[in-house]
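Student: Protein chains in written order, with the UniProt record's numbering: chain A, 1 to 447; chain B, 1 to 447.
Calculated directly from the structure, the hints in this document are not laboratory data. Any given hint might turn out to be false.
Identical chains share a label here; the pair holds if one copy fits it or two copies do between them.
[Stated by the list, open to error] Taking lysine-lysine and the DSS-like style, the derived pairs with C-alpha atoms no more than 30 Å apart in a straight line are:
(1) Lys295 x Lys248
(2) Lys187 x Lys328
(3) Lys214 x Lys187
(4) Lys298 x Lys284
(5) Lys79 x Lys214
(6) Lys298 x Lys187
(7) Lys222 x Lys55
(8) Lys284 x Lys120
(9) Lys79 x Lys328
(10) Lys40 x Lys325
(11) Lys222 x Lys298
Small disclaimer: the values here were computed from a predicted structure and weren't measured.
Number of protein chains: 2
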Amino acid sequence: MKKNLLIIGAGGVAHVAAHKAAMYNDELGDICIASRTLSKCEGIIESIQRKGHLKDPAKRLYARQINALDIPATVDLIKETQSEIVINLGQAFLNMSVLEACLETGAAYIDTAIHEEPDKVCENPPWYANYEWKRKDRCMEKGITAILGAGFDPGVVNAYCALAVKHHFDKIETIDILDVNAGRHGKYFATNFDPEINFREFIKVWTWIDRRWKEYPTHTVKRVWEFPVVGQQPIYLNGHDELHSLSKNIDADSIRFWMGFGDHYINVFTVLRTLGFLSHLPVKLANGQEVVPLKVTKALLPDPMTLAPNYTGKTCIGNIVKGWKDGKRRELFIYQVSDHKACYEEVESQAISYTAGVPPVAAARLIANGAWDVKTMVNVEELDPDPFIALLDQMGLPTDYKEIEPDSPASFNGTVRDLETEIAESTVTVTVSAADPMIAVRPKQSP
Amino acid sequence: MKKNLLIIGAGGVAHVAAHKAAMYNDELGDICIASRTLSKCEGIIESIQRKGHLKDPAKRLYARQINALDIPATVDLIKETQSEIVINLGQAFLNMSVLEACLETGAAYIDTAIHEEPDKVCENPPWYANYEWKRKDRCMEKGITAILGAGFDPGVVNAYCALAVKHHFDKIETIDILDVNAGRHGKYFATNFDPEINFREFIKVWTWIDRRWKEYPTHTVKRVWEFPVVGQQPIYLNGHDELHSLSKNIDADSIRFWMGFGDHYINVFTVLRTLGFLSHLPVKLANGQEVVPLKVTKALLPDPMTLAPNYTGKTCIGNIVKGWKDGKRRELFIYQVSDHKACYEEVESQAISYTAGVPPVAAARLIANGAWDVKTMVNVEELDPDPFIALLDQMGLPTDYKEIEPDSPASFNGTVRDLETEIAESTVTVTVSAADPMIAVRPKQSP
Chain A
1 MKKNLLIIGA
11 GGVAHVAAHK
21 AAMYNDELGD
31 ICIASRTLSK
41 CEGIIESIQR
51 KGHLKDPAKR
61 LYARQINALD
71 IPATVDLIKE
81 TQSEIVINLG
91 QAFLNMSVLE
101 ACLETGAAYI
111 DTAIHEEPDK
121 VCENPPWYAN
131 YEWKRKDRCM
141 EKGITAILGA
151 GFDPGVVNAY
161 CALAVKHHFD
171 KIETIDILDV
181 NAGRHGKYFA
191 TNFDPEINFR
201 EFIKVWTWID
211 RRWKEYPTHT
221 VKRVWEFPVV
231 GQQPIYLNGH
241 DELHSLSKNI
251 DADSIRFWMG
261 FGDHYINVFT
271 VLRTLGFLSH
281 LPVKLANGQE
291 VVPLKVTKAL
301 LPDPMTLAPN
311 YTGKTCIGNI
321 VKGWKDGKRR
331 ELFIYQVSDH
341 KACYEEVESQ
351 AISYTAGVPP
361 VAAARLIANG
371 AWDVKTMVNV
381 EELDPDPFIA
391 LLDQMGLPTD
401 YKEIEPDSPA
411 SFNGTVRDLE
421 TEIAESTVTV
431 TVSAADPMIA
441 VRPKQSP
Chain B
1 MKKNLLIIGA
11 GGVAHVAAHK
21 AAMYNDELGD
31 ICIASRTLSK
41 CEGIIESIQR
51 KGHLKDPAKR
61 LYARQINALD
71 IPATVDLIKE
81 TQSEIVINLG
91 QAFLNMSVLE
101 ACLETGAAYI
111 DTAIHEEPDK
121 VCENPPWYAN
131 YEWKRKDRCM
141 EKGITAILGA
151 GFDPGVVNAY
161 CALAVKHHFD
171 KIETIDILDV
181 NAGRHGKYFA
191 TNFDPEINFR
201 EFIKVWTWID
211 RRWKEYPTHT
221 VKRVWEFPVV
231 GQQPIYLNGH
241 DELHSLSKNI
251 DADSIRFWMG
261 FGDHYINVFT
271 VLRTLGFLSH
281 LPVKLANGQE
291 VVPLKVTKAL
301 LPDPMTLAPN
311 YTGKTCIGNI
321 VKGWKDGKRR
331 ELFIYQVSDH
341 KACYEEVESQ
351 AISYTAGVPP
361 VAAARLIANG
371 AWDVKTMVNV
381 EELDPDPFIA
391 LLDQMGLPTD
401 YKEIEPDSPA
411 SFNGTVRDLE
421 TEIAESTVTV
431 TVSAADPMIA
441 VRPKQSP
């Protein structure tokens, strides 16, 4: 049984995780929220108090200032707070320093995204092999529980894969993970989490096709699919963290990720990317200043935290699994629908943060009670999904299932084989300008 | 007779002006090109030598480094170079310091754009009254010739107004100045001159309607007109420098300016403007850096100088004048067509820089020979247009005329009266988002 929780980070996801942790502090013990900016941690604590979410008032809920890139300082903080579980929800640049601090102190480690270095983007797959898995042996030797990618996607969608293997399929052919936000924030343009991390997801599309990594230009493969609850939605083939562990741990021919974008989003994104505003590499201004364009873009876009009060509509995230069960073809959509307004009413946050912030607390509860305290480094799909899915059902993220008639009009059309054809016939064209070495993506003219 | 020319600035327009001045250095004397960056001045001199454009090889053509915001340094440079004529083609922020240096040394002054302060954009009209005209009395007292706005627009289009008054109309009702670049540079997006100055033109639309200033949001009034040579082109009501003197000096009910933009330009501009990338006011980044977004945009866009070699197509700039002559209604288009490729072959520059860079040299020749050496501050329309137009005919910017049947389908439709209706019925809508205090302009869906 592990006790006392340290949450690193004070953004939207940490806000939700802290609320949920407070609601189960009888199991988790004292909760410390630590980030570079103390006032942001204190703001989260005020929100928890305003909502009356601290279940056991005898347990502590408090804030600390920390630069989590500083490993000795993080070690000291873990020791001072006597935290046996650390949920790392800071920027993805912090992952390895926080993990090192856990290795040194023996605390369990949970994160929700793959480690990134500020000056590198979309490195060679599988990304987990570049940083995380290099530390797996040390976790095992020291008996450290490290659960990687335990948000929604990566996280719950990985557990959905494990569920499919354990209960629903004898053989899996393809898994398509779909992530759609059918909500409206009322702003001209905004990202739902830190733009600096968000846009890095869309630089290259690494995807797992026929048991090989393939790279595509961003936003070149579009489908429109009829989702449960949120209806018809446009989605684009995209790269995503979870493919980088599922490709190793799940026996399937192809595992792909699709994200929903409206035409307006694609247009604004294309303008910004093509002109270089999403670049993480510094440019020199006429006045000699060196500036990273992506940091300017971040400063100009709305703070994702400010979107929550006016957000309406729902998200739908889940896995379409195709394969065989009991000698018959099967196509099953395992999914979760969240409502922005309901999330805001519960924890003063929007659904994107909610879906990412609840699962690591479920994982922490499973480490605390021993079910997932595996004393090594794992990705979520390597763990028993049943207790996790059961906790999420209680904690605000119930799982739904939809049987789809294989090869029917309702099917998520497209087999592994025809993806190249689909790209060729897509409603989006990729044009490489002779004059510019940049790839410009423009919607085809409708006939 | 005035001798020796100092050109301040080393951008695209200065490049053209230096070429043209070299071609008439028997009249103009020694030529010094001075800017902050000496190597840029030297590059222009190399281009002139490559093209063999120095007419009188006995006259000097040389470069100097100068910070033209430094008035004493500029005074010293004018004295050292014994320049009696200064063509100021630096950024518009320099105008008043260069003018002050001319006032102190007695040199004649020519510029091509209205003075701007870096921290102010689209001040109250008429803009010339904010800085230039405040110094008119001192020019008169000291006998300094200062010709304001002597590029193409402002500049030649002002002379077209004077031509219309002098030769072609008894009474003018409306003048519509049209500026269309029907060329292609092959880049995803670029401005034809310094983005920092260029975008400042499109923040507000100040226009002179019914003898009053009216302000409109940018890109809200669109027309499509059949131009000579370049054919049907979309143009948008826009503010522009020349309106700020023509409104005072030309007896007409309305004087408006229209600029041609394609849908792609409008789209990219709208994204950048709406998100704040065109702002001249600094923003603070998460790392504490203070950055002016417009300067970042400038750093990311192609250097306008690099567009020239691949530019194809033509520009068409001119004035549609409507009114009365000899008791009959008349509508006359006075215009100029330039070809990007021809300009590049002649002076290694594109047509936008060419049309702006030739006229100030024609003005300098007229000061040198006394015809325009008026010993006071004037805008171009206050001068006799005939010798100017005659020089431009020789120097590569011949003027054309097209009679238009008034109130016919060929007419530049729209009277002063129906502009409000036109705005209401325009193909462009202005939507003010409830959530954002910014104005977002989006093309209407075609039916």
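Student: A separate judgement is required for each hint: does it hold in the structure or not?
Tutor: Status of the hints after comparison with the structure:
Taking identical chains as interchangeable, the C-alpha atoms of Lys295 and Lys248 are never at most 30 Å apart, the minima being 34 Å within one chain and 46 Å between chains. Proximity of Lys187 and Lys328 under a CA criterion of 30 Å is satisfied in neither setting, with 47 Å inside one chain copy and 54 Å between copies. When the C-alpha separation of Lys214 and Lys187 is checked against a cutoff of 30 Å, the pair qualifies only between copies, where the shortest distance is 29 Å, while the shortest distance within a copy is 35 Å. For a Cα distance limit of 30 Å, the shortest separation of Lys298 from Lys284 qualifies both inside one copy, at 18 Å, and across copies, at 10 Å.
In this assembly of identical chains, Lys79 and Lys214 lie within 30 Å of each other by CA distance neither inside one copy nor across copies; the values are 44 Å within and 67 Å between. Proximity of Lys298 to Lys187 under the C-alpha cut-off of 30 Å is found in both arrangements, the shortest distances being 15 Å within a copy and 26 Å between copies. Taking the closest pair of Cα atoms, Lys222 and Lys55 never come within 30 Å of each other, the shortest separation being 45 Å inside a single copy and 61 Å across copies. In this homomeric assembly, Lys284 and Lys120 come within 30 Å of each other (Cα to Cα) both inside a single copy, at 19 Å, and across copies, at 24 Å.
Proximity of Lys79 to Lys328 under the C-alpha cut-off of 30 Å is found in neither arrangement, the shortest distances being 54 Å within a copy and 94 Å between copies. With identical chains, the CA atoms of Lys40 and Lys325 are never at most 30 Å apart, being 49 Å at best within one copy and 72 Å at best between copies. When the C-alpha separation of Lys222 and Lys298 is checked against a cutoff of 30 Å, the pair qualifies only within one copy, where the shortest distance is 27 Å, while the shortest distance between copies is 33 Å.
Going down the numbered hints, you'll see the structure goes against 1, 2, 5, 7, 9, 10, while the others check out.
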